[in-house]
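Going down the list, the sequences are from chains L and B. All residue numbers for the first sequence refer to this note's numbering, where the first residue is -2 and numbers rise by one. All residue numbers for the second sequence refer to this note's numbering, where the first residue is 13 and numbers rise by one.
These aren't lab readings, by the way, just hints derived from the structure by calculation. Treat the hints with care, as some may be off.
[Unchecked claim] Taking lysine to aspartate or glutamate and the DMTMM-like style, the derived pairs with C-alpha atoms no more than 25 Å apart in a straight line are:
hint, chain 1, residue 1, chain 2, residue 2
1, B, K370, L, D91
2, B, K411, L, D53
3, B, K372, L, D91
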Amino acid sequence: MSETPPVIPDGAMRAKGEQRSDPGPREAGSGPLREVPDSLASGSASGMTGRWLDSDLVYSFMRSKVVVAAALLTLLMVGAALLAPLIAPHDPYDLKTLNLVDANMPPAWVEGGDARYLLGTDDQGRDILSTILYGTRSSLLISATAVLLATALGVALGLWAGYAGGRVDALIMRIADVQLTFPAILTALLVDGVMLAAFRNGGQEAGKFWVLVVSIGLAFWVQYARTVRGVTLVERNKEYVEAARLIGLPPVKIMFQHILPNVMSPVLVIATINLALAIITEATLSFLGVGLPPTEPSLGTMIQIGYRYLFSGSWWMVAFPGITLALLALAVNLLGDWLRDALNPKLR
Amino acid sequence: MDLRSIGKVAAALAALAFVAATADAKTLTWARTGDALTLDPHAQNEGATHNLLHQIYEPLLIRDYAGKIHPALAVSWKVTEDPAVWEFKLRPGVKFHNGNPFTADDVVFSLDRARQPTSDMKGLLTSIDAVTKVDDHTVRIKTKGPNPLLPNYLNNLYIMDKEWSEANNTVTVQDYKAQKDNFSVRNANGTGPYTLVSRQQDVKTVLKRNEGYWGKGPGDGQVPLGISDITYVVIKAEATRVAALLSGEVDFVQDVPPQDIDRLAKAPGLKVNVGPENRTIFFGMDVASPELKTSNVKGKNPFADKRVREAINIAIDRDAIKRAVMRGQSVPAGTIAPPFVNGYSKELDALPKVDVAKAKALLAEAGYPGGFEVTLHCPNDRYTNDAGICQAGTGMLAKVGIKVNLVAQPKGPHFTLIQKEPPETDFFLLGWGVPTYDSHYIFSFLYHTRQDKEGSWNATRYSNREIDASIRGLTSEVDAGKRNATIARLWGVLAGELTYIALHHQVLAYAMKSDLDIPVSPDNAVHMKFVAVK
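Just need the whole structure built from these sequences, with the hints factored in.
Quick look at the structure:
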């Protein structure tokens, strides 16, 4: 490890340095999101926080009210979803507690509503509010895991293609090109269909979770791979990479320890924007009936269920999950948008 | 007459024909939740399949909206001096869509074809011994012993053109459950009121009026045949189907979700017809396998224990399903025999009292105090709110400790699970309509041991040789009193077995534009030839 610290901050400084309009002093560790050298990591927390609050990122964050609102909304929804088992008034996944007598009830403030069910109930007597909380949780878990998978896959393949070049590059990138010609939802549907056929009669919820994760993950890796490959192509000719190569480090180590930290900022941006896309994709798959089963609805499944009653006046079944999904996707998207602008030196 | 004037006359005639055609043209877009599974007339004994086939092919006789039998390709039929032989007089002058004349050879060919091993119609023809041609328009059917009800079994038995079938290599019936294919699956040549123009499975089927149809024209027994072109489309999502009707994109929706009846009935320019169907919806379970495929119980089959079946029977709250899932549009049932059927009785149809505590006690007694796990297979595009029914059942069974994993899928794969030998489902939802209006049809398909001709839809593996013999005996019992006594005795035994848990008798709702009037038939069989246009 002794040779890496001087190399990594160098790359980091370059990326960071370009973001400032003025050349600025090139002190180490000015990139708040990057690895902090050992000497600083042991320093006082207030020093780090201070440095963080002082950074461009935080400044541009605080400057935009929309972004702050989006962040708060995201935090609120993620928090509520994660705490669903603690704060939800009912457990909608526990079929024992469902009572058909309470089915199709409007929200509490509408005539015929019941105070026990603030946002009403669906056709099976499930409390809409609790189901939204649990459903958001499933949606977020699936989307986040899928984005992680896509990131890991895309980054690894992109690094490999960019670093190795030649045939490997051509092969990986042609596969990526071919996949890009299909809409992501089509790829996800295809993978989902194939996996479901493979696990026919399974229907177990754990299986379903991974089917969705893999379907969405495989649908989104291309963007990462292309971006990472592009950056890698530039980076691999830099002196620090040549130096690493000269001292005989294996390619895997060079790729992941030396180049990777320098390609992470665009990856972070794509990941955030993709999270919103993944949430929508999961909802779409569930809406189409190939996602989570109706006994354990995610937001998309809820919308699918509610949609059946759109013409019969039971608007609450589709409206509340729909609004939740729209808000969640919007908030995450706004954050991603802001992050992209904040990390893009050309937009300064 | 010179060439020019011939041309003028021809043009005038063409114009006249065009005017006549447009004045008479009325197209109908017809939406359903699911498609016919195949066009092979004998490959699937399934409601939606028959429904579409009836427009293209014809049987010897049909049932009208009221369930009354009408002559179709046969003009008359009677039992001969030998009570085991029926004679059918065939309609003269009928042509198939390709122009071939309809003769006795076609009837003999079709009835033989429908009795092949891969045919799903063979279960209806078990009593037939031989079909012979007397002359070009007379056919005799010899049964194994007298069968006074034979005509009841023929109303979904379509007649194909022998020549066409041979020329196109479709003499053998499609093996549907093995996912085989043949020419007649996608092409059709019947005598029916409409000809097939194009077909995209599960999307759209286009039909055109058969202008040479024998029944068209004024006079007794003739049909209005008001619709000139039919576009049959599959719209699976309930709300989309209803929206298509509201927006005018389709003219007739055959499967109206109960929650939308009020809305459609109030919409200007639309009307809704509601009526009971000759069909009951129920759960079935594998009661005989040594072990279930999808259960966490290993080494034994929980459903084999009658106490478990009894527990399920009293755990299901049929009234709640009617109220919440069916929005009042169903008749909760205690038997899988619809009220239209000979053999139905009020006593048989009495609802079991819902008793969760007793159900739990029964499960504990059977050795499952903590319940068990099993997968329920359910169609999601066949019966009214089918997936919702399954979901409600799942919740009710959870209350007594049975954890049900629900798999809801389109009817094609669902029915394959049931029809495969051995069946690939432990626990399933099915609806059974009874086109013969007689209990024998239920016994033969759903209770008889699965073998050569019987039990093709019996996925419960229930098997009782003594019962089987009585079921087969029904086809040759001439004395109506004795026959009904046997039916009553069979129900007495079979109802008590609880291999099926009846849920409700289905109620149908058709919605259409106001200029149409298509009444609900108990068979859920729409004959477009009866539709006049105002």
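field: Violations among the numbered hints, reported as their numbers in ascending order
entry: Going through the list in order, the structure violates hint 2 alone and respects the others.
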